[in-house]
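K.L.:
Top line first, the protein sequences correspond to chains A and B. Using my numbering, read the first sequence as starting at 1378 and increasing by one per residue. Using my numbering, read the second sequence as starting at 1378 and increasing by one per residue.
Incorrect hints may have been included.
Note that the list lumps identical chains together, so a pair holds whenever it fits in one copy or between two copies.
Unchecked claim - Cross-link-like lysine to aspartate or glutamate pairs, in silico, EDC-like; alpha carbons within 20 Å at most:
| no. | residue 1 | residue 2 |
| --- | --- | --- |
| 1 | 1417 | 1714 |
| 2 | 1633 | 1597 |
| 3 | 1392 | 1539 |
| 4 | 1633 | 1651 |
| 5 | 1598 | 1695 |
| 6 | 1598 | 1632 |
| 7 | 1598 | 1575 |
| 8 | 1417 | 1721 |
| 9 | 1546 | 1395 |
| 10 | 1598 | 1383 |
| 11 | 1633 | 1502 |
| 12 | 1598 | 1651 |
| 13 | 1417 | 1482 |
| 14 | 1633 | 1575 |
| 15 | 1418 | 1651 |
| 16 | 1633 | 1492 |
| 17 | 1546 | 1510 |
| 18 | 1598 | 1492 |
| 19 | 1417 | 1597 |
| 20 | 1546 | 1714 |
| 21 | 1418 | 1430 |
None of these hints come from the bench; they were simulated from the model. It should be emphasised that the depicted structure is a prediction, and the values quoted were computed from it without experimental measurement.
Protein chains: 2
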Amino acid sequence: MTLQNDLFLRALARKPVDRTPVWLMRQAGRYLPEYNATRKKAGNFLTLCKTPELACEVTLQPIDRYGFDAAILFSDILTVPDALGLGLHFVEGEGPRFHRRITSEADIAGLPQIDIGPALGYVGDAVALIRQELQGRVPLIGFTGSPWTLACYMISGGSSGDDFLSVRKWLYSRPDLVHQLLGRITEVVIGYCRMQADRGAQAMMVFDSWGGLLADAAFEKFSQPYIRRIIDGLTQSHPALPTIVFVKGGSGWLEKTAATGCSAIGVDWSISLDQARARVGSRCAVQGNLDPAVLLGTPAHIRAEVGQAIRSFGTLGEGAGHVFNLGHGISQFTPVENVQCLVEAVAEFSGQQA
Amino acid sequence: MTLQNDLFLRALARKPVDRTPVWLMRQAGRYLPEYNATRKKAGNFLTLCKTPELACEVTLQPIDRYGFDAAILFSDILTVPDALGLGLHFVEGEGPRFHRRITSEADIAGLPQIDIGPALGYVGDAVALIRQELQGRVPLIGFTGSPWTLACYMISGGSSGDDFLSVRKWLYSRPDLVHQLLGRITEVVIGYCRMQADRGAQAMMVFDSWGGLLADAAFEKFSQPYIRRIIDGLTQSHPALPTIVFVKGGSGWLEKTAATGCSAIGVDWSISLDQARARVGSRCAVQGNLDPAVLLGTPAHIRAEVGQAIRSFGTLGEGAGHVFNLGHGISQFTPVENVQCLVEAVAEFSGQQA
């Protein structure tokens, strides 16, 4: 099926565009009434992830409502540890939890060898169904958590109230075990991304949500190399697949992140887009980076901030490569009309820039 | 009284030292059994802060145990909003809470004009008593929260589970009110710092604990200028008083932070010390920056990480200026013997560097 809107893929390839493509992290989320209705129908978040028809339904909702330039698979980064037998579940208001966690070398050795197809087939099925239902309107992004970020959850047993301090302790007491675990996760993640690409994902995003907790030197040891392995693995099997790497809190390491070989880096709002472009724009595209709090503001402020970001990135010609996005997931408290305001402002201001 | 150990003040002035001075953020804290005993005696945290004899007792405990090169007043950054009538209290396991919070322009206008002496006299008394009890062993650091960080707590009504999203919303809906509030806080903070200096504080540290939540451009508008006003105000009244500004999560803005005119910047572990020194070392000293998780590791790893940090900063001659510290407060789970290991490693490795 011919792709009707290739703005997103063109921007990732740093080809000229006549306006900046836009999508938002967590665009299928709780700020949308139609999402909440589907979630209610599903009963809980995990059922929503594991039922391809429902995952497809919510994936398409923000495309239908706003005409975003890319769809992203509705899923969760913790499907991989779940498939490895840790028993993912969600406690209302407390985030993800595992029934089992990784506490020892034996736990790592005991992680099962899994066959991605059967173990995570529901994700592949969702990807295939979404592609079919999208009918070529916009490209579909698949995604994974980074090995370090997944290891954080697997060692802590769920989300953390103290920046995963108990996990970071391992870095300075049993770094060998951390590397063992990261190696195992990386193998599975490569297979997981390949499956998504085989089933129809047209770009792949790696979320290193907790990379920013690492010390400068630790990021180079415990996160960056494993992300690079994933990009290498995907480049071997799917050389044309664009990749995006987003390290939340990692604006100090844009060069190191770009050195993973990704097509684009995601940036948070701690850095201006002109600085990000100056540092890595000759090597990769840049995705980001509005503070999600902007979408809780007034239309006038939203327009001003979008305009500022677009002008900060600059021209959109050959070699440019900007994908407009937030610097983190959209807040559940975002008024739906503010997202419309953002989408229109991106089109208006970037049209002037092209 | 003659100061017997001026390593810390020499490092802040970027004069040569024969070893790197060291102290740790939150060095009087829950990892210390003697602190817990005093806290138990006090009944609760706030009484500990508000009773000069007890605040003095816990301030000196880590000096007695480890021989740190600086003492820091035991207090809390929220004493200022408390003095402004917000009613500070602590809920066990949940952090600080206020009985009242700032929700409107009327609330800001309604903040009382306070006389620092009576309103925060217990802090001044603690400073004076600590100076007396220190008997010139090491210098005493006073401190304050930054206006932005204090505003975060005052608007949210306490600590936040969502990175103060409800406060950041104000930046994009009522920035005028945020500036009004920041202006009011700044006035009080300048008086508060001056009082601490008058009573004997020998250096002043500004904690911008939540500066890192701000977008790049917002930091320049809502945090940096108000910190600069504080430094300016202190420079006018106490020109010889060294100042340290620590913006947690602000390693992207070292130059902007240095431009406040501070004597030293605190840095977290997201940046290496050689990079920090290269960026601002010609303008100010650098304090930091070990990941507090290192102190949960093994002695061998602690030594390796300390050695790495010391070598990264480099030589200690004229114009150097390194104060060894963590990149954030010490964890309550830190074994006491690991702190001893750190202190010894700093002396050993920096002695080789001098």
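K.L.:
Evaluate each hint against the coordinates.
P.N.:
Consistency of the hints with the structure:
| no. | hint | result |
| --- | --- | --- |
| 1 | 1417 with 1714 | neither (22 Å within a copy, 52 Å between copies) |
| 2 | 1633 with 1597 | within (8 Å within a copy, 26 Å between copies) |
| 3 | 1392 with 1539 | neither (42 Å within a copy, 37 Å between copies) |
| 4 | 1633 with 1651 | both (18 Å within a copy, 17 Å between copies) |
| 5 | 1598 with 1695 | neither (34 Å within a copy, 34 Å between copies) |
| 6 | 1598 with 1632 | within (15 Å within a copy, 27 Å between copies) |
| 7 | 1598 with 1575 | neither (30 Å within a copy, 47 Å between copies) |
| 8 | 1417 with 1721 | neither (30 Å within a copy, 58 Å between copies) |
| 9 | 1546 with 1395 | neither (49 Å within a copy, 32 Å between copies) |
| 10 | 1598 with 1383 | neither (36 Å within a copy, 38 Å between copies) |
| 11 | 1633 with 1502 | neither (34 Å within a copy, 50 Å between copies) |
| 12 | 1598 with 1651 | between (28 Å within a copy, 18 Å between copies) |
| 13 | 1417 with 1482 | neither (40 Å within a copy, 39 Å between copies) |
| 14 | 1633 with 1575 | neither (28 Å within a copy, 47 Å between copies) |
| 15 | 1418 with 1651 | neither (44 Å within a copy, 55 Å between copies) |
| 16 | 1633 with 1492 | neither (32 Å within a copy, 51 Å between copies) |
| 17 | 1546 with 1510 | neither (46 Å within a copy, 36 Å between copies) |
| 18 | 1598 with 1492 | neither (28 Å within a copy, 52 Å between copies) |
| 19 | 1417 with 1597 | neither (42 Å within a copy, 43 Å between copies) |
| 20 | 1546 with 1714 | between (44 Å within a copy, 16 Å between copies) |
| 21 | 1418 with 1430 | within (12 Å within a copy, 61 Å between copies) |
In the structure shown, a violation is registered for the earlier hints numbered 1, 3, 5, 7, 8, 9, 10, 11, 13, 14, 15, 16, 17, 18, 19, in ascending order.
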